[in-house]
Amino acid sequence: MTDLAPTPRVRRPRPKAVTLTERAAERVQEIMANAEQPYVGLRVGVKNGGCAGQEYTFAYADAVQPMDEVVEDKGVTILIEPKAVLFLIGTEIDYETTKLSSKFVFNNPNQTDACGCGESVTIVPAGA
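Terminal number for the sequence shown in our numbering: 164, no gaps in between.
What the hints contain is simulated information worked out from the structure, not anything from laboratory work.
Here are the computed lysine to aspartate or glutamate pairs in the DMTMM-like style, where the Cα-Cα straight-line distance is at most 20 angstroms:
| # | residue 1 | residue 2 |
| --- | --- | --- |
| 1 | Lys-83 | Asp-104 |
| 2 | Lys-83 | Asp-149 |
| 3 | Lys-139 | Asp-109 |
| 4 | Lys-139 | Glu-91 |
| 5 | Lys-119 | Glu-91 |
| 6 | Lys-83 | Glu-105 |
| 7 | Lys-139 | Glu-58 |
| 8 | Lys-119 | Asp-98 |
Using the sequences and the hints, build the whole thing.
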């Protein structure tokens, strides 16, 4: 009699929901180092607002919430709010400095539109 036990499946590593450029990671590390208290990471989300319909959000995270997507990239911990995950899949967060401003920039493949000032965007869920 032969043993027909199934071969164990090897799971592929799941791609990160978001990634950071070196500049963005360095800036987040600076911000976290200068915070008034220690935080577990930076919480990233999407909220309704602005003329294009949605806005990206950043906040210090005191703790990991049960449904947060936790992303570790380049020494930085990013916590993604559960309702924002599908909107942010594949996003690269960069940090740009120009003569007039410095800001985080979301290079999001799910973004379909942005307002003229760049403060709000239109994002569709990944795969929609």
